[in-house]
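Asks: Those sequence lines, one after another, are chains A and B.
The numbering used here runs 4 ahead of the 1-based position in the first sequence.
The numbering used here runs 4 ahead of the 1-based position in the second sequence.
These are calculated hints, taken from the structure and not from any lab test.
One or more hints might be untrue.
In silico DSSO-like cross-links for lysine-lysine, where the CA-CA straight-line distance does not exceed 27 Å [unchecked claim]:
{"hint": "1", "chain 1": "A", "residue 1": "65", "chain 2": "B", "residue 2": "65"}
{"hint": "2", "chain 1": "B", "residue 1": "72", "chain 2": "B", "residue 2": "15"}
{"hint": "3", "chain 1": "A", "residue 1": "26", "chain 2": "B", "residue 2": "15"}
{"hint": "4", "chain 1": "B", "residue 1": "72", "chain 2": "B", "residue 2": "26"}
{"hint": "5", "chain 1": "B", "residue 1": "72", "chain 2": "B", "residue 2": "94"}
{"hint": "6", "chain 1": "A", "residue 1": "26", "chain 2": "B", "residue 2": "26"}
{"hint": "7", "chain 1": "A", "residue 1": "15", "chain 2": "A", "residue 2": "94"}
{"hint": "8", "chain 1": "A", "residue 1": "94", "chain 2": "A", "residue 2": "114"}
{"hint": "9", "chain 1": "B", "residue 1": "72", "chain 2": "B", "residue 2": "114"}
{"hint": "10", "chain 1": "A", "residue 1": "15", "chain 2": "B", "residue 2": "26"}
{"hint": "11", "chain 1": "A", "residue 1": "15", "chain 2": "A", "residue 2": "26"}
{"hint": "12", "chain 1": "B", "residue 1": "15", "chain 2": "B", "residue 2": "65"}
All values reported here derive from a predicted model rather than from experimental measurement.
2 protein chains.
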Amino acid sequence: MNFGIVIFPPKDVQDAANSYRKRFDPHYSLIQPHLTIRESESWDPPTLANAVERLSDVAAKLPPVEVKLNRFSTFYPVSNVVYMALENPKPLERLHEAVCDGPLAVRERKYSFTPHLTVAQGVGGDEMHDIYSSLRPIPLAFSFVVDRLHLLYQTDNGAWTAHQTFLLQG
Amino acid sequence: MNFGIVIFPPKDVQDAANSYRKRFDPHYSLIQPHLTIRESESWDPPTLANAVERLSDVAAKLPPVEVKLNRFSTFYPVSNVVYMALENPKPLERLHEAVCDGPLAVRERKYSFTPHLTVAQGVGGDEMHDIYSSLRPIPLAFSFVVDRLHLLYQTDNGAWTAHQTFLLQG
Numbered sequence: 005m006n007f008g009i010v011i012f013p014p015k016d017v018q019d020a021a022n023s024y025r026k027r028f029d030p031h032y033s034l035i036q037p038h039l040t041i042r043e044s045e046s047w048d049p050p051t052l053a054n055a056v057e058r059l060s061d062v063a064a065k066l067p068p069v070e071v072k073l074n075r076f077s078t079f080y081p082v083s084n085v086v087y088m089a090l091e092n093p094k095p096l097e098r099l100h101e102a103v104c105d106g107p108l109a110v111r112e113r114k115y116s117f118t119p120h121l122t123v124a125q126g127v128g129g130d131e132m133h134d135i136y137s138s139l140r141p142i143p144l145a146f147s148f149v150v151d152r153l154h155l156l157y158q159t160d161n162g163a164w165t166a167h168q169t170f171l172l173q174g
Numbered sequence: 005m006n007f008g009i010v011i012f013p014p015k016d017v018q019d020a021a022n023s024y025r026k027r028f029d030p031h032y033s034l035i036q037p038h039l040t041i042r043e044s045e046s047w048d049p050p051t052l053a054n055a056v057e058r059l060s061d062v063a064a065k066l067p068p069v070e071v072k073l074n075r076f077s078t079f080y081p082v083s084n085v086v087y088m089a090l091e092n093p094k095p096l097e098r099l100h101e102a103v104c105d106g107p108l109a110v111r112e113r114k115y116s117f118t119p120h121l122t123v124a125q126g127v128g129g130d131e132m133h134d135i136y137s138s139l140r141p142i143p144l145a146f147s148f149v150v151d152r153l154h155l156l157y158q159t160d161n162g163a164w165t166a167h168q169t170f171l172l173q174g
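With these hints in hand, go ahead and build the complete structure from the sequences.
Replies: Listed below in structure tokens is the structure:
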């Protein structure tokens, strides 16, 4: 079963992101707008049990993290993704490093970790450039505190279900 | 903001339910298959805080609950809904009563609480009868243990996001 760890931003950020995702992101109906902390990976039940224990321990010690989304950016040419970018990615990078260690260490890393909230993906290069050109001038100023992580799993239709929440209580 | 409390059944039940929901349930892309424990209600932040405190306290004392879905049923003529029904609804009725008390008491009750997993809704009477006739002969035997509740909130597009999980630890 595929498991992933994400942050859901507050409702106002989700509503804004969904207004773009509805048109530009084929994952729109599979999961709500999110910042991925650990990419999807197939886990057997013992791995899940270890992961839950690890997440409980780590979250209990980690303090909440302030996030400010201040612009649209793109991963082009690495991938045709447009996303809401963080003014300062460092705190979420540290959160990612703290979470993705021990039994949650990432073995096969496809990309370096860059916290982001995807609003467009799975589109061709020309379309991506059009989308990015139209979004880039839009001012973005969402500030919020991340005080929890969500462990999700995927059903056969590609959609994601909540397994457990971990509150950052450090 | 609208909040609701649900149980997500295991992945195999979700996959089976989604195979019907995809065709017969307009909520298919808004939320994964679930059993509602408390209907959606608009809460302000203090109400949410009270609800979270209440849920934490109640869940810590409640034991996990065994559920067996053993047939398809319908709420017709009260509503045009087809659902997976419980062999014995009593344990989830008791869970509902324990959760929906104090600050979570249900003030305006539309229907008596009947635990169910909806697979078809929002269809006309004739179509509902066709769906029910086609599903009714299908044998159903899903047994699982419910060991957590999920508090969800709704974004403007009607989709639901996980707010917090509460483990039944009694």
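Asks: Would you mind marking each hint as holding or not holding in the structure?
Replies: Against the structure, the hints:
The hinted pair formed by residue 65 of chain A and residue 65 of chain B meets the criterion: a straight-line CA distance of about 25 Å does not exceed 27 Å. Our distance criterion of 27 Å between C-alpha atoms is met by residue 72 of chain B and residue 15 of chain B, whose separation comes to about 15 Å. A threshold of 27 Å between alpha carbons decides the hint, and for residue 26 of chain A with residue 15 of chain B the separation of about 26 Å falls inside it, so the pair holds. Of the supplied pair hints, the one linking residue 72 of chain B and residue 26 of chain B holds, its CA atoms being roughly 23 Å apart against a limit of 27 Å.
Under the criterion of a C-alpha separation no larger than 27 Å, the hint pairing residue 72 of chain B with residue 94 of chain B is consistent with the structure, at around 11 Å. In summary, the hint linking residue 26 of chain A to residue 26 of chain B is supported, as the alpha carbons are separated by about 18 Å, within the 27 Å threshold. Straight-line distance between C-alpha atoms of residue 15 of chain A and residue 94 of chain A comes to about 23 Å, which keeps the hinted pair within the 27 Å bound. With a C-alpha separation of about 20 Å, the suggested pairing of residue 94 of chain A with residue 114 of chain A holds against the 27 Å cut-off.
In summary, the hint linking residue 72 of chain B to residue 114 of chain B is supported, as the alpha carbons are separated by about 25 Å, within the 27 Å threshold. Proximity of residue 15 of chain A to residue 26 of chain B is assessed by CA-CA distance (about 26 Å); at most 27 Å being required, the pair is judged to hold. Using a Cα cut-off of 27 Å, the hinted pair residue 15 of chain A and residue 26 of chain A holds, with the two alpha carbons roughly 16 Å apart. Between the alpha carbons of residue 15 of chain B and residue 65 of chain B the distance comes to roughly 26 Å, so the proposed pair stays at or under 27 Å and holds.
Comparing the model with each earlier hint shows no violations; every hint is respected.
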